[in-house]
Amino acid sequence: MSSRAQSAPSPSPAPAPPAAAAPGPVRVTRSRRSAILPAIGAVVIIAVLAYLPYAVHEGTTSLLVNFFILLILASMWNLLAGYAGLVSVGQQAFIGLGSYSVLIVGLHRVSPFLGLPAAAVACGAIGLVVWWLLSRLRSGYFAIATWVIASIANLVIIRFPSLGGGTGEPLSGMPTGNPTLLNAEIYWASLAVAVIVLVGLYAVLRGRLGLVLTAMRDDETGARSIGARVTRAQLLVFVIAAGGCGAAGALELLSQPFVQPTAAFSVQWTAEMIFACLIGGIGTIEGPILGTIVFFALQQWLANYGTWYFIVLGIVAIGVAIWAPRGLWGLISERLNIRLFPVGYVLWPVSGAPAGPDGSPPGPPALHQLLRRLGRRS
Amino acid sequence: MSWVNAIIQGILLGGLYALFACGLSLLFGVMKVINLAHGDLAILAGYLAVGVVAVTHLPAVWSFIVVVPLFAALGYLAQRTLIQASLSRGVLTTLLVTFGLSIVIENALQQFFSANSRSLSIGSLVSDSLHLGSISIAYLDLVIFAVAVVVLLGLQYFLSSSRPGRLIRAVADDREAAQLAGADYRHIFGIAASIAFATVALAGIAYGMYTSIDPTSGTTALLLLFAFEAVVIGGLGSLWGTLVGGILLGVVQQLGAQVGSSDQVLAGQLLFLVILVIRPQGITSRRTA
Chain A
0 MSSRAQSAPS PSPAPAPPAA AAPGPVRVTR SRRSAILPAI GAVVIIAVLA
50 YLPYAVHEGT TSLLVNFFIL LILASMWNLL AGYAGLVSVG QQAFIGLGSY
100 SVLIVGLHRV SPFLGLPAAA VACGAIGLVV WWLLSRLRSG YFAIATWVIA
150 SIANLVIIRF PSLGGGTGEP LSGMPTGNPT LLNAEIYWAS LAVAVIVLVG
200 LYAVLRGRLG LVLTAMRDDE TGARSIGARV TRAQLLVFVI AAGGCGAAGA
250 LELLSQPFVQ PTAAFSVQWT AEMIFACLIG GIGTIEGPIL GTIVFFALQQ
300 WLANYGTWYF IVLGIVAIGV AIWAPRGLWG LISERLNIRL FPVGYVLWPV
350 SGAPAGPDGS PPGPPALHQL LRRLGRRS
Chain B
0 MSWVNAIIQG ILLGGLYALF ACGLSLLFGV MKVINLAHGD LAILAGYLAV
50 GVVAVTHLPA VWSFIVVVPL FAALGYLAQR TLIQASLSRG VLTTLLVTFG
100 LSIVIENALQ QFFSANSRSL SIGSLVSDSL HLGSISIAYL DLVIFAVAVV
150 VLLGLQYFLS SSRPGRLIRA VADDREAAQL AGADYRHIFG IAASIAFATV
200 ALAGIAYGMY TSIDPTSGTT ALLLLFAFEA VVIGGLGSLW GTLVGGILLG
250 VVQQLGAQVG SSDQVLAGQL LFLVILVIRP QGITSRRTA
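Chains as they are written, first to last, in numbering that gives the first Met the number 0: chain A, 0 to 377; chain B, 0 to 288.
No lab work stands behind these hints, which were simulated from the structure alone.
Be careful, since some hints might not be right.
Claimed, not checked - Computed from the model, here is a short list of chain B residues facing chain A with C-beta under 8 Å:
id, residue
1, F27
2, I102
3, A107
4, Q110
5, F112
6, Y156
7, L270
8, V273
9, L275
Glycine included, C-beta positions come from ideal geometry on N, C-alpha and C.
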């Protein structure tokens with residue numbers, strides 16, 4: 000197990016590809032077999048979650064809707080910042096626009112549930128236009144520009160009195176009838192989006208785009224120098240993240256059902272996704288999931304303590320940032336060496352010798368250490 | 000005449016933005032730190048000033064004698080502990096640390112001072128104004144603008160001409176090379192951070208006089224975003240650029256307000272976008288972004 004490299008060896012800026020530098024031939028496989036157990040587990044968890052509206056109180060499912068929304072947002076921010084190196088503090092632009100897309104669909108007497116995919120597509124398209132403005136910017140400039148874009152989106156939206164102006168507007172066009180069923184439908188919709196986002200991320204990161212992204216995550220200049228189409232990958236990631244955040248905003252409006260521009264375009268959204276993503280561990284699929292769980296666990300434990308909840312949240316953020324820079328999932332996967340969503344490649348030394356009883360590879364220790372180093376973010 | 004008035008008010012407003020942006024510009028330019036806690040630190044300084052006035056009964060204007068040195072010390076301390084520890088781990092870590100700091104400050108203020116808004120009362124200075132024909136200029140705005148010009152240009156001179164200033168620039172340009180030449184970059188970063196925090200304290204006190212503050216003002220007020228914009232418009236690492244950027248933003252906002260009261264902020268944001276598209280390295284910088 001420990002011979003697994005989380006990242007592809009090719010993006011290394013080392014003079015020669017590590018696989019070639021290592022003595023002895025190496026066989027490369029994808030981690031298919033070891034992904035079966037987590038896959039079965041994931042199916043079971045999704046089945047249980049899908050059954051929940053029949054078993055638990057509505058308060059629990061509406062809490063879980065918020066959980067899925069943050070999970071989607073954190074995963075999207077992870078894709079942006081953790082893989083594509085795009086540190087955005089303006090994703091609330093797409094959350095707000097997603098909410099308003101559903102509002103507009105509802106105003107035209109179409110089911111707001113159809114507004115959910117429409118919001119994702121519309122925000123993806125807007126993301127394409129925004130990317131044209133932002134593509135030349137780097138790091139701090141990029142971050143502040145995204146924030147300004149979100150502010151502009153807010154300022155433009157409040158100019159439409161038909162959308163409630165600055166005070167907000169209730170969602171119209173929701174099916175009337177059984178409110179319990181409606182809540183269950185909102186819950187299933189958010190579960191579906193969360194599953195699509197996670198499965199989609201897994202598929203993307205295992206594919207060719209994932210290879211480019213992993214290379215960029217580890218070394219952008221190195222990735223460019225070996226011919227990876229970095230700019231195109233960044234464009235794709237930005238559009239995907241815009242669509243994902245739009246879908247999350249749509250879910251937010253469905254569950255509220257009232258949109259208030261200041262709240263919809265609040266930078267607080269970005270603060271929450273950064274928290275969930277970095278606490279859990281950026282640059283892994285598992286990290287944002289764990290981070291979102293931690294965020295909601297803290298919220299549940301400390302909900303009655305008002306401001307102390309936020310103070311603890313802030314201290315946890317600082318503590319994790321300094322003492323566990325790879326996040327909580329980084330700590331776990333380092334200690335136990337498990338990966339639930341293996342997107343990397345496994346390198347097996349073809350020396351004929353079987354792996355040791357503890358799973359350590361029989362190859363030369365230098366190779367082993369090199370591969371472990373490659374799996375780690377600097 | 001109202002357009003002339005708008006331009007004058009815009010220049011003065013730009014002074015407040017630039018004063019607010021000064022600390023950001025320094026941390027951003029020297030350490031590449033995006034300080035998300037900047038607004039909350041300023042509000043904390045404002046609250047400290049309120050506390051100093053309550054205890055000493057000094058006029059509010061003199062509260063800076065206590066608050067600014069305190070913040071300078073705090074800045075050095077924060078740099079040597081939190082910021083330095085996060086700097087070595089990359090830009091995302093500093094983002095998380097300053098974000099955590101922001102939540103802690105905001106909610107600690109709320110816990111200990113309640114959510115009520117406060118202001119630094121400065122007596123007649125806030126209401127009196129200078130009358131030039133039909134244009135009236137508030138003395139407070141004038142004082143804040145003067146402080147901003149003195150602080151930003153003074154620091155620019157300090158950075159370009161004094162020995163510690165040159166060390167700060169050297170470390171900002173190339174940390175390793177400066178260290179090889181014998182400069183202890185941690186100490187120099189600490190000095191830069193203490194200067195940045197001192198200007199944050201000044202900005203917080205000025206803001207507390209300008210309007211009433213509450214614990215959430217640091218994140219809810221658009222001032223933090225305007226300050227970031229002033230830094231980017233002016234160009235990274237140039238303090239007088241930040242001053243120019245702040246003034247430009249203030250003027251465009253006031254001109255936008257002449258068109259319609261809801262156009263004030265939007266005009267400023269559009270200016271920012273236009274400058275990003277045509278001159279992403281900032282208006283005063285010769286370096287590329």
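Status of the V273/B interface restraint (C-beta, 8 Å, chain A): violated, 10 Å
Restraint satisfaction for F112/B [CB to CB of chain A, less than 8 Å]: violated, 11 Å
Cut-off 8 Å, beta-carbon criterion: hint that I102/B touches chain A: For I102/B, the interface hint holds, since the closest Cβ of chain A sits about 4 Å away, which is under 8 Å.
Evaluation of the interface hint that places A107/B against chain A, nearest CB under 8 Å: holds, 6 Å
Hint validity - F27/B Cβ closer than 8 Å to any chain A Cβ: holds, 6 Å
Hint check: 8 Å Cβ-Cβ cutoff, Q110/B to chain A: Hint on Q110/B: holds, closest Cβ of chain A at ~5 Å, below 8 Å.
Hint check, L275/B versus chain A [nearest Cβ-Cβ separation less than 8 Å]: holds, 6 Å
Cut-off 8 Å, beta-carbon criterion: hint that L270/B touches chain A: violated, 10 Å
Interface hint compliance - Y156/B to chain A, C-beta minimum distance less than 8 Å: violated, 25 Å
Hints 5, 6, 7, 8 from the earlier list are contradicted by this structure; the remaining hints agree with it.
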